[in-house]
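Peer 1: The primary structure of each chain is shown beneath.
There are 2 protein chains.
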Amino acid sequence: MFHSHVEYLSPDTLNRIHKSSLDLLEEVGVVFRSRNAREVLAEHGARVEGDRVYLPAKMVTSLLEAAPREFRLRARNPQNDVEISPSSFVLAPGYGCPFVLGRSHTRRRATLADYEIFVKLVGSSPHIDINGGIIVEPHDVDPLVRHIWMLYLTLSLSDKCIVGSSMGETGAKDTIEMMSLVFGGHEEVQNRPSVISLINATAPLCYDERMLGALMVYASYAQPTVIASMAMAGATGPVTLAGTVTLQNAEVLAGVVLAQAVHPGAPVVYGAASAITDMRAGTPAIGAPENAIISSVGAQMARYYGIPSRGGGCLTDSKVVDAQAGYESMMHLLAAAVSGVNFVFHAAGVMDSYMTMSFEKFVVDDEICGMVKRFLGLRGAGQEDCFTADEALATDVVRRVGPGGHFLLEDHTLKHHRREFWSPGVSDRSLLEVWRNLGKTDAFERSEHIWRERVAGYRPPRLPRHVDDRLRKYVETRQQELGVKDLLLSG
Amino acid sequence: MFHSHVEYLSPDTLNRIHKSSLDLLEEVGVVFRSRNAREVLAEHGARVEGDRVYLPAKMVTSLLEAAPREFRLRARNPQNDVEISPSSFVLAPGYGCPFVLGRSHTRRRATLADYEIFVKLVGSSPHIDINGGIIVEPHDVDPLVRHIWMLYLTLSLSDKCIVGSSMGETGAKDTIEMMSLVFGGHEEVQNRPSVISLINATAPLCYDERMLGALMVYASYAQPTVIASMAMAGATGPVTLAGTVTLQNAEVLAGVVLAQAVHPGAPVVYGAASAITDMRAGTPAIGAPENAIISSVGAQMARYYGIPSRGGGCLTDSKVVDAQAGYESMMHLLAAAVSGVNFVFHAAGVMDSYMTMSFEKFVVDDEICGMVKRFLGLRGAGQEDCFTADEALATDVVRRVGPGGHFLLEDHTLKHHRREFWSPGVSDRSLLEVWRNLGKTDAFERSEHIWRERVAGYRPPRLPRHVDDRLRKYVETRQQELGVKDLLLSG
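Chains A and B, in that order, are what the protein sequence lines are.
Residue numbers 1 to 491, in this note's numbering, belong to the letters of the first sequence in order.
Residue numbers 1 to 491, in this note's numbering, belong to the letters of the second sequence in order.
You may find that some hints are simply not true.
As the list claims (entries may be wrong) - Within a straight-line C-alpha distance of at most 35 Å, the following computed DSBU-like cross-link-like pairs (lysine-lysine) qualify:
| hint | chain 1 | residue 1 | chain 2 | residue 2 |
| --- | --- | --- | --- | --- |
| 1 | A | LYS19 | B | LYS373 |
| 2 | B | LYS440 | A | LYS440 |
| 3 | B | LYS58 | A | LYS19 |
| 4 | A | LYS373 | B | LYS373 |
| 5 | B | LYS19 | A | LYS415 |
Derived by calculation from the structure, the hints in this document are not laboratory data.
Please work from the sequences and hints to get the whole structure.
Peer 2: Structure (structure tokens):
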């Protein structure tokens, strides 16, 4: 990691945003659509009127202190564990998209088969750390058991860390049960962060019952949640970035406070996922540069509170995998990286303003993730080492080569180039003649080829037979309990 | 501008790079292929052997002190003057490309007509500050007078700041003469920075006669130059980034020292334009993420010496305007911006590893420039103001709207959205149905439409008749002196 990163705002401005948010929480309050949540908050000193909860500043700041600064999320394969901390840059794939980009650049409803392909693409990515979650919404599976099947596929096809279900109390409980089967019991799960999940506020200043149910289950098991605000400046948030950032801060704090009230020390990530509204189109504009500011300031607020932050992603409004998809995606991932964002959802595959996932864009974004990680120096030894060794400064080599010489055949070149230079997958750097002979492809065409090869060659990591048996049995039992006869819906 | 930017390396590492570069300059020396340059340097204490010049550390550090921290570059229209300083982010278009991307994505040799189109695209850009230079190399014009015609077209079609010719002493003198005709005499030019030019070292550790001739003319008139190193790590520079950054630093310092020896206080910009070599393709890889590191560290070195820096650009190796062109271009411009780079060449239009300029990519890059400037808060009042006004924090509006409400019809929304939200040109954010009805375009197709409209609608700013007459007469006289009969070469 580099020596220092972007700080968008001054400490004074951070203080003002903090104080204004506390005022909102205390004086305007937050609607919590869950009796349980309201009761827990009331026990900790909140004033409740109907479904609205007024959170005193003192209560907020004191509960905030319980939130941990960092935690280690365990994977089925311990080599894939990840640290989520104020210095991490952890990447998770697209989340929540109903559609998939099909042939002829036309979107279609996503299926479980699509979901499986994405799990394999994440599993084979050298840059993406976390698998699963609602990468796409598999419409051919009964909604009652979708989350169970997504979890089963992710756990059986990948041994990276995974994203849990936020489908209310039920989704969270199913997640905890299945993680217990993988890690050897509830206690094993409760003792260590074993799954991370996404909890969204509903702007302005609401939390719905489904999200609260999931949040409270996860917090009670001390499992990490990303508590995110997704205000749309100009629609569900003030049109000014400062206003939306302040609203966002109030919403995130409200969720964090509830998690700490349920279980002091429950790991949380500060989620800055707000965006602007395109006032001409009347749509969310997720690729807009303003969102990079919101995410950057979100990371600063998270540092202000001493908890890890979430923001950025390979975000675009483009309906095709074109130059716009490229520049918007790079902007949001790189801006997050240089702003010290610690955890990223939507790091690969998402397009069309969160509506569509694309296999081709996943591969393009995977390349972007690799480039941004290389910029951060996140490979092998820290970047600083690469700059301080005598061998790196290479003055002896320059002395030997001298003015007008070249370095192509130097031992130093042969020795270091593989480690020093990141190796591209999608990006073309060939001579024009070579590129012509290879068929004059663009990045989209190359990505289509790459994802098909990656999926065809994917070998799932070994899942112990007895664990697989238990998971399958759990899936079966739950299907019966829920009265679901056929996994795949017809039509 | 935001509160603080990326510092890639620690102060200790900067010191080491500085000291190692001084060692190279003193012990290995630099080849200056110009007797005049060697004589000036010898007068200031350098040891000369053949064409190699050994620069003592004391001489280097003492001459460096004369280089100004910032300067104001004047334009024909004073409203277009730009500050080039440690806090500026000034953008200039592509430079030096022999080809233009024509129909069917095939490149062809550039002409003066292409050059004229690019001058109009820069002239109509809301984001690009500097016009002219060798945007493309017009092959249909006699090489003896190419620079004169490019200068005339730029001066007559645009009233922004301009880039001068580096075609040796002759090119620089023609530039000075023409700027004198525009600004009212040599003294007027000598008194204020009136044109900026690009001087490239030849790695490793050489300066050729042409570049030195231009540098010495510009310095003698106290005109600013960007002194750039373009080492290719692994080929003309050490394969390690630290090694290439150290070599780059030595080369830039050598040029800066010469400029100061010619004229103490001549404005200079520290140019970090080195890149890596793709070891598989054997080509320069200008889109590689390593180059963003080189540019970021270059900006730090420039701050270390207290002079403005040049780096970044919308750089790509792609042969087409695709996702790769988008993500590589955004990476290099945004990384430069967040690293505190102050001046950017190649901010728009360049592709194909510096070989080709594209009208369509110019428009795409102009969009990228707008997005990056928006992220930096470079519009209207500083970004910090947008975050500190009570009106911006908007807590009153949130109070009024309350939990579950919306902001669409608030006066606050109507009042602020135009100023707060950057307005896209190329980027599509429409609803899927609207996008379909508009022809399912991608960014390339929209950009083609946009550049044609911009060029068709371009109205050149007024150039006083007497100035135009003088410039035309100068062009004519020089053509006669140089024995050039026909402006355009046949065939």
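Peer 1: Keeping to a limit of 35 Å between CA atoms, is the pair of B/LYS440 and A/LYS440 held or broken?
Peer 2: Distance of about 23 Å is within 35 Å: holds.
Peer 1: For the pair supplied as a hint, A/LYS19 and B/LYS373, confirm whether the alpha-carbon distance does not exceed 35 Å.
Peer 2: holds, 29 Å
Peer 1: Straight-line Cα separation of A/LYS373 and B/LYS373 no greater than 35 Å?
Peer 2: Roughly 23 Å between the alpha carbons, so the hint for A/LYS373 and B/LYS373 holds.
Peer 1: For the pair supplied as a hint, B/LYS58 and A/LYS19, is the alpha-carbon distance within the 35 Å limit?
Peer 2: violated, 53 Å
Peer 1: Holds or violated: B/LYS19 with A/LYS415, Cα cutoff 35 Å?
Peer 2: holds, 25 Å
Hint compliance for this structure: hint 3 is the single one not met.
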